[in-house]
Structures are given as structure tokens and as C-alpha cells.
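Please model the entire structure based on the sequences and the hints provided.
Protein chains: 2
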Amino acid sequence: MSYSAINVEDRFDRFSERWSPKIIARLNDTHIKLVRLLGDFVWHSHADTDEGFIVLEGAMSIAFRDGRVDLRAGEMFVVPTGVEHKPSAEAECKVMLIERAGTLNTGDAGGDLTAEDGVWV
Amino acid sequence: MSYSAINVEDRFDRFSERWSPKIIARLNDTHIKLVRLLGDFVWHSHADTDEGFIVLEGAMSIAFRDGRVDLRAGEMFVVPTGVEHKPSAEAECKVMLIERAGTLNTGDAGGDLTAEDGVWV
Numbered sequence: 000m001s002y003s004a005i006n007v008e009d010r011f012d013r014f015s016e017r018w019s020p021k022i023i024a025r026l027n028d029t030h031i032k033l034v035r036l037l038g039d040f041v042w043h044s045h046a047d048t049d050e051g052f053i054v055l056e057g058a059m060s061i062a063f064r065d066g067r068v069d070l071r072a073g074e075m076f077v078v079p080t081g082v083e084h085k086p087s088a089e090a091e092c093k094v095m096l097i098e099r100a101g102t103l104n105t106g107d108a109g110g111d112l113t114a115e116d117g118v119w120v
Numbered sequence: 000m001s002y003s004a005i006n007v008e009d010r011f012d013r014f015s016e017r018w019s020p021k022i023i024a025r026l027n028d029t030h031i032k033l034v035r036l037l038g039d040f041v042w043h044s045h046a047d048t049d050e051g052f053i054v055l056e057g058a059m060s061i062a063f064r065d066g067r068v069d070l071r072a073g074e075m076f077v078v079p080t081g082v083e084h085k086p087s088a089e090a091e092c093k094v095m096l097i098e099r100a101g102t103l104n105t106g107d108a109g110g111d112l113t114a115e116d117g118v119w120v
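Quick mapping for you: the protein sequence lines, in order, are chains A and B. With numbering that gives the first Met the number 0 applied, the first sequence corresponds to residues 0 to 120, in that order. With numbering that gives the first Met the number 0 applied, the second sequence corresponds to residues 0 to 120, in that order.
Simulated from the structure, these hints should not be mistaken for lab results. It is possible that some hints are incorrect.
Since copy identity is lost for identical chains, a pair holds within one copy or between any two.
When the alpha-carbon atoms are kept at most 20 Å apart in a straight line, the in silico EDC-like pairs for lysine to aspartate or glutamate are as follows [what the hints assert, rightly or not]:
1. LYS85 with GLU115
2. LYS85 with GLU8
3. LYS85 with ASP47
4. LYS85 with ASP39
5. LYS93 with GLU56
6. LYS93 with GLU8
7. LYS85 with ASP116
8. LYS85 with ASP12
9. LYS93 with ASP69
10. LYS93 with GLU74
11. LYS93 with GLU16
Written out as C-alpha cells, the structure is:
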């Protein structure tokens, strides 16, 4: 039988929208997604999942109500369930997200930046 | 409050053993681990978790009873729960593993290559 690798860069080439996570793999109840970030996102939290950010290219920050973390390529951070955060990136940043399947990008916040969940590339 | 990024390369620098996954983050019931591979591992399967392999440096293969997949840096693959597999690498390969917390590296197989679970770096 033939098994195929998932090439991350090839999957990024399939979309250009920012702030719109695309699923590339499922692992138990967890989705592995790719997302392009540019500018400021909205403050939000996720009531039922931690959210892992792995920076693949570029740099980003995650603001918290009481601090922030700066991430560059090769660095990662896990935002705990329920913690308000606001991602941002001064230049386009490519990120791998790891979070429970069914997670909306804007969490509890909603609004114009809410992307359709469940889209694979 | 001060939040710290997890730098993947810095975490790899904390250990040199092969086939001995080290935890760098927890996300819901999932551990994110780093592992160095060299040579052939044992045939095994995991009865209660899918297992994600993300190759960060080098190249590796995963043999299945009916085929194989070759992975190089920037590529990933998810081995489904219960599927027998045998990882191997001709030169040292650095891999990020994503799997349910509590997973033993040798799964159902046991043996000398079984590493202690639950070790963080």
C-alpha cells in the first residue's frame, strides 16, 4: 500500500488567506492546522481546549491580559483553556496550530474574523 | 507576568539519547515530545492513541506491514491507533512526536528500547 507524507510547505501553498486555519491532519480528537498570521487578531479564549502555536516561519506575539510571549520560528507555546489571548504578527507568520477538533479561531469572541471550521487543505 | 517560549532546538540540546522521547509541552490530554532517531526501532503499535511524527531535521522512514512512508524535514505523518509500524533513520533524525499522554515508545512490544515515559526536558 502507498502511504503519503504530509508536506507542510506544500499545504501552505494551497491557501493565502490570513487568520483562517486549515486542517492538515487529525490525531485522536485533535486537529493539526496551518495558519498564516498578519496584523492583529481579536481578544478571545477557548472554553474547551488548550491551543498550541508552533511558529514555522516569521515571528508572532501572543498578548495576555497580564503579559505577552514573543515567538519566532522554531519556538512554540501552549495557551491554556479559558485564557484570553490576542495573537499578532508584524509581518506574515506561518504557524502550526494544535487544538481540539471543532475549535473556532475566534473562540468565544465571534466577529468578522471568525473562519469556517473544518476546512482541510 | 512573564511567559516563556519553548525553543525546540534548546530543548533538543538537553539530551542526546536516541529513541527516548522527552516531553516539552502538554495540550489537553496530549503530549508534545522530541525524539532523536538513529537506526532501526522495533515493530510495535499503540492500542489507544494515534501518533504524529513531524520531522524537524534529517529524514526517517516508517515501515508498515503493507508498505512504508519516507519523511524528510518539513514533512509529517499520523500513524493510526493500532497500526503496526517500525520507524528507522539512516542518519540521526530529529522528530516532534504528538500522542496521548502516557504513551510508551514501544507500545505493545516492550523490550530493551522501552524508554521511561513522563520525562520532560
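Hint check:
In this assembly of identical chains, the alpha carbons of LYS85 and GLU115 lie at most 20 Å apart only when taken from the same copy (19 Å versus 37 Å across copies). In this homomeric assembly, LYS85 and GLU8 never come within 20 Å of each other (Cα to Cα): the closest approach is 25 Å inside a single copy and 26 Å across copies. Taking identical chains as interchangeable, the C-alpha atoms of LYS85 and ASP47 lie at most 20 Å apart only when both belong to the same chain, with a minimum of 17 Å there against 34 Å between chains. With identical chains, the CA atoms of LYS85 and ASP39 are at most 20 Å apart within one copy only, with a shortest distance of 7 Å there and 43 Å across copies.
For a Cα distance limit of 20 Å, the shortest separation of LYS93 from GLU56 qualifies both inside one copy, at 5 Å, and across copies, at 18 Å. In the homo-oligomer, the alpha carbons of LYS93 and GLU8 lie at most 20 Å apart both inside one protomer (10 Å) and across protomers (18 Å), since each shortest distance falls under that limit. For the identical chains of this complex, LYS85 and ASP116 are intra-copy neighbours only, at 19 Å inside a copy versus 34 Å across copies, given an alpha-carbon limit of 20 Å. For a Cα distance limit of 20 Å, the shortest separation of LYS85 from ASP12 qualifies neither inside one copy, at 25 Å, nor across copies, at 31 Å.
With identical chains, the CA atoms of LYS93 and ASP69 are at most 20 Å apart within one copy only, with a shortest distance of 14 Å there and 24 Å across copies. Proximity of LYS93 and GLU74 under a CA criterion of 20 Å is satisfied in both settings, with 12 Å inside one chain copy and 15 Å between copies. Proximity of LYS93 and GLU16 under a CA criterion of 20 Å is satisfied intra-copy only: 11 Å inside one chain copy versus 31 Å between copies.
Of the hints listed earlier, those the structure fails to meet are numbers 2 and 8, in rising order.
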